[in-house]
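Chemist: Given the coordinates of chain A, assemble chain B onto it according to the supplied hints.
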Amino acid sequence: DAKTTQPNSMESNEEEPVHLPCNHSTISGTDYIHWYRQLPSQGPEYVIHGLTSNVNNRMASLAIAEDRKSSTLILHRATLRDAAVYYCILRDVGGSQGNLIFGKGTKLSVKP
Amino acid sequence: ETGVTQSPTHLIKTRGQQVTLRCSSQSGHNTVSWYQQALGQGPQFIFQYYREEENGRGNFPPRFSGLQFPNYSSELNVNALELDDSALYLCASSLAVASGELFFGEGSRLTVL
Numbered sequence: 001d002a003k004t005t006q007p008n009s010m011e012s013n014e015e016e017p018v019h020l021p022c023n024h025s026t027i028s029g030t031d032y033i034h035w036y037r038q039l040p041s042q043g044p045e046y047v048i049h050g051l052t053s054n055v056n057n058r059m060a061s062l063a064i065a066e067d068r069k070s071s072t073l074i075l076h077r078a079t080l081r082d083a084a085v086y087y088c089i090l091r092d093v094g095g096s097q098g099n100l101i102f103g104k105g106t107k108l109s110v111k112p
Numbered sequence: 113e114t115g116v117t118q119s120p121t122h123l124i125k126t127r128g129q130q131v132t133l134r135c136s137s138q139s140g141h142n143t144v145s146w147y148q149q150a151l152g153q154g155p156q157f158i159f160q161y162y163r164e165e166e167n168g169r170g171n172f173p174p175r176f177s178g179l180q181f182p183n184y185s186s187e188l189n190v191n192a193l194e195l196d197d198s199a200l201y202l203c204a205s206s207l208a209v210a211s212g213e214l215f216f217g218e219g220s221r222l223t224v225l
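As given, the protein sequences belong to chains A and B, one line each in that order. Here the first sequence stands for residues 1 to 112, where the numbers follow this note's numbering. Here the second sequence stands for residues 113 to 225, where the numbers follow this note's numbering.
Just so you know, these hints were derived from the structure itself, not from any lab. Any given hint might turn out to be false.
[Said to hold, decoys possible] Straight-line distance between alpha carbons at most 25 Å, and here's what the computed DMTMM-like set of lysine to aspartate or glutamate pairs gives:
{"no.": "1", "chain 1": "A", "residue 1": "K104", "chain 2": "B", "residue 2": "E213"}
{"no.": "2", "chain 1": "A", "residue 1": "K107", "chain 2": "A", "residue 2": "E16"}
{"no.": "3", "chain 1": "A", "residue 1": "K104", "chain 2": "B", "residue 2": "E218"}
{"no.": "4", "chain 1": "A", "residue 1": "K104", "chain 2": "B", "residue 2": "D196"}
{"no.": "5", "chain 1": "A", "residue 1": "K69", "chain 2": "A", "residue 2": "E45"}
{"no.": "6", "chain 1": "B", "residue 1": "K125", "chain 2": "B", "residue 2": "E194"}
{"no.": "7", "chain 1": "A", "residue 1": "K69", "chain 2": "B", "residue 2": "E213"}
{"no.": "8", "chain 1": "A", "residue 1": "K107", "chain 2": "A", "residue 2": "E15"}
{"no.": "9", "chain 1": "A", "residue 1": "K104", "chain 2": "B", "residue 2": "D197"}
{"no.": "10", "chain 1": "A", "residue 1": "K104", "chain 2": "A", "residue 2": "E14"}
{"no.": "11", "chain 1": "A", "residue 1": "K3", "chain 2": "A", "residue 2": "D92"}
{"no.": "12", "chain 1": "A", "residue 1": "K107", "chain 2": "B", "residue 2": "E218"}
{"no.": "13", "chain 1": "A", "residue 1": "K3", "chain 2": "A", "residue 2": "E66"}
{"no.": "14", "chain 1": "A", "residue 1": "K111", "chain 2": "A", "residue 2": "D82"}
{"no.": "15", "chain 1": "A", "residue 1": "K107", "chain 2": "A", "residue 2": "E45"}
{"no.": "16", "chain 1": "A", "residue 1": "K3", "chain 2": "B", "residue 2": "E213"}
{"no.": "17", "chain 1": "A", "residue 1": "K104", "chain 2": "B", "residue 2": "E194"}
{"no.": "18", "chain 1": "A", "residue 1": "K107", "chain 2": "B", "residue 2": "E213"}
[Unchecked claim] Listing some non-contacts, in silico: residues in chain B with all C-beta distances to chain A over 10 Å:
{"no.": "19", "residue": "S119"}
{"no.": "20", "residue": "P120"}
{"no.": "21", "residue": "P174"}
{"no.": "22", "residue": "S185"}
{"no.": "23", "residue": "N189"}
All C-beta atoms in this analysis are idealised placements derived from N, C-alpha and C, irrespective of residue type, glycine included.
So here's chain A without its partners, still in its complex pose (with noise of 0.2 Å):
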């Protein structure tokens, strides 16, 4: 799977949106984007996730751009609750299906 590349860390204030950017600049054209999130003492939980198109969904929407080259997670209204670590993955539609390749992410602090 291609490497992503992300900030360290990121600050938001409450109520406000936040947008995470994302590096992945030798995704392939069977590279599924994904990303997920994870809380203080708990596991991963998935997002989003999204091919070519700009996806949205209850919890963020995901702009990806137009030559896939790089995406971003759009929280519209950031909450306490969103404070987390964000992960980017990039995941080969044909590869071992429960392998998902995590770097260091994104840690989001939320500031009320």
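Modeler: Leaving out everything else, chain B in the frame of chain A:
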């Protein structure tokens, strides 16, 4: 619908001992994978089981082994424990579809003294 549950939540072992960790998959999920997460690091893939067969393995030695049972629950066994095996061990279940999301348990925290 029950989520992924793991046991025990915490345990302490000494070097050279063996440990068995258990995982109950989310209802209806036929694939289970195990991860090791050292402090301050992202989870690392150990292996995956699908229909009781191992069908994917990360860069872990053979003393890490597993089982999946007909009800899709799973065990992770680690023999000859080393100090560096101290970590959070996470189990994740999923449906065997290409883009399916993984559902993680809260993990078992292993300390090796």
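Chemist: Taking the hints in turn, state whether each one holds.
Modeler: Hints, one by one, checked against the model:
| no. | hint | verdict |
| --- | --- | --- |
| 1 | K104/A to E213/B | holds (19 Å) |
| 2 | K107/A to E16/A | holds (17 Å) |
| 3 | K104/A to E218/B | holds (18 Å) |
| 4 | K104/A to D196/B | holds (19 Å) |
| 5 | K69/A to E45/A | holds (24 Å) |
| 6 | K125/B to E194/B | holds (10 Å) |
| 7 | K69/A to E213/B | holds (22 Å) |
| 8 | K107/A to E15/A | holds (18 Å) |
| 9 | K104/A to D197/B | holds (19 Å) |
| 10 | K104/A to E14/A | holds (24 Å) |
| 11 | K3/A to D92/A | holds (12 Å) |
| 12 | K107/A to E218/B | holds (19 Å) |
| 13 | K3/A to E66/A | holds (18 Å) |
| 14 | K111/A to D82/A | holds (11 Å) |
| 15 | K107/A to E45/A | holds (14 Å) |
| 16 | K3/A to E213/B | holds (19 Å) |
| 17 | K104/A to E194/B | holds (24 Å) |
| 18 | K107/A to E213/B | holds (21 Å) |
| 19 | S119 | holds (14 Å) |
| 20 | P120 | holds (15 Å) |
| 21 | P174 | holds (18 Å) |
| 22 | S185 | holds (15 Å) |
| 23 | N189 | holds (18 Å) |
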